[in-house]
Amino acid sequence: MKILYAVQATGNGHISRAMALLPHLQRLGDVDIFLSGDNSNLSLNAPIKYRSKGLSLYFNNSGGLDYSRIIRNFRPLELRREIADLPVEKYDLVINDFEFITSASCAKKGISSVQVGHQASFRSPLTPRPAQKSRMGEWLLLNYS
Numbered sequence: 050m051k052i053l054y055a056v057q058a059t060g061n062g063h064i065s066r067a068m069a070l071l072p073h074l075q076r077l078g079d080v081d082i083f084l085s086g087d088n089s090n091l092s093l094n095a096p097i098k099y100r101s102k103g104l105s106l107y108f109n110n111s112g113g114l115d116y117s118r119i120i121r122n123f124r125p126l127e128l129r130r131e132i133a134d135l136p137v138e139k140y141d142l143v144i145n146d147f148e149f150i151t152s153a154s155c156a157k158k159g160i161s162s163v164q165v166g167h168q169a170s171f172r173s174p175l176t177p178r179p180a181q182k183s184r185m186g187e188w189l190l191l192n193y194s
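Note that this note's numbering has the sequence shown beginning at 50, numbered continuously upward.
These are calculated hints, taken from the structure and not from any lab test.
Owing to the predicted nature of the structure, the values given are computational and were not obtained by experimental measurement.
Glycine included, every Cβ here is placed at the ideal spot set by N, Cα and C.
Among the hints, a few may not be true.
[As the list claims (entries may be wrong)] Under the rule of at most 25 Å between Cα atoms (straight-line distance), these lysine to aspartate or glutamate pairs were calculated in the DMTMM-like manner:
1. Lys102 - Asp79
2. Lys157 - Asp81
3. Lys139 - Glu187
4. Lys51 - Asp141
[As the list claims (entries may be wrong)] Now the in silico label distances, taken between C-beta atoms and shown as ranges:
5. Arg124 - Leu175: 23 to 29 Å
6. Pro174 - Gln75: 17 to 23 Å
7. Ala156 - Leu126: 23 to 29 Å
8. Trp188 - His73: 16 to 22 Å
9. Trp188 - Ile97: 35 to 41 Å
10. Arg100 - Arg76: 20 to 26 Å
11. His73 - Arg129: 31 to 37 Å
12. Asn61 - Arg124: 34 to 40 Å
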């Protein structure tokens, strides 16, 4: 089985999960890794087939999203090209850990993918939310992955 495992590198949590899941995925088939983002302090000790700056999220000193830095680093034409060019259709299974390009490429090409990570739970209205919602935060969680 050919597996594409897309991992977001906007921090260390997704990389840590990838390090734990990767050996199990490798037992199931040939795994290609797509690593997206540029602000993780951990390195994934595995060969990376696809690498992208992606749609990186940045955080401020209090842990919230740094919207101005996100917008400054936003490259829509580059993202559009990467979404079109990523060969998700060549894989039997696409696993996505909060990674935008792979998610958008699958959606555009009609390819199913498996979402991992707690961000995927926010697609459900049953997932608890704070009393005061962030419109931008909700939009990101629903549309980013």
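Is the gap between the beta carbons of Trp188 and Ile97 within 35 to 41 Å?
About 29 Å separates the Cβ atoms of Trp188 and Ile97, which means 35 to 41 Å is violated.
Are the Cα atoms of Lys102 and Asp79 separated by 25 Å or less?
Holds, because 24 Å separates the two Cα atoms, which is no more than 25 Å.
Please test the hint of 34 to 40 Å on the beta carbon pair from Asn61 and Arg124.
Violated, at about 24 Å.
Arg129 and His73 - C-beta distance against the hinted 31 to 37 Å:
33 Å, holds
Are Pro174 and Gln75 spaced within 17 to 23 Å by their CB atoms?
Since the Cβ atoms of Pro174 and Gln75 sit about 36 Å apart, the hinted range of 17 to 23 Å is violated.
Trp188 and His73, beta-carbon distance inside 16 to 22 Å?
Given about 33 Å between the Cβ atoms, the range is violated.
Given the hinted pair Lys51 and Asp141, is their Cα-Cα distance within 25 Å?
5 Å, holds
The hint says 23 to 29 Å between Ala156 and Leu126; measuring C-beta to C-beta, is that right?
Violated: the Cβ-Cβ distance is about 19 Å, outside 23 to 29 Å.
Between the beta carbons of Arg124 and Leu175, is the distance compatible with 23 to 29 Å?
35 Å, violated
Supplied distance hint 20 to 26 Å, evaluated on CB atoms of Arg100 and Arg76
24 Å, holds
Can you confirm whether the C-alpha distance between Lys139 and Glu187 stays at or below 25 Å?
32 Å, violated
Taken at face value, is the distance from the CA of Asp81 to the CA of Lys157 at most 25 Å?
With Cα atoms ~20 Å apart, Lys157 and Asp81 stay inside 25 Å; holds.
Of the hints listed earlier, those the structure fails to meet are numbers 3, 5, 6, 7, 8, 9, 12, in rising order.
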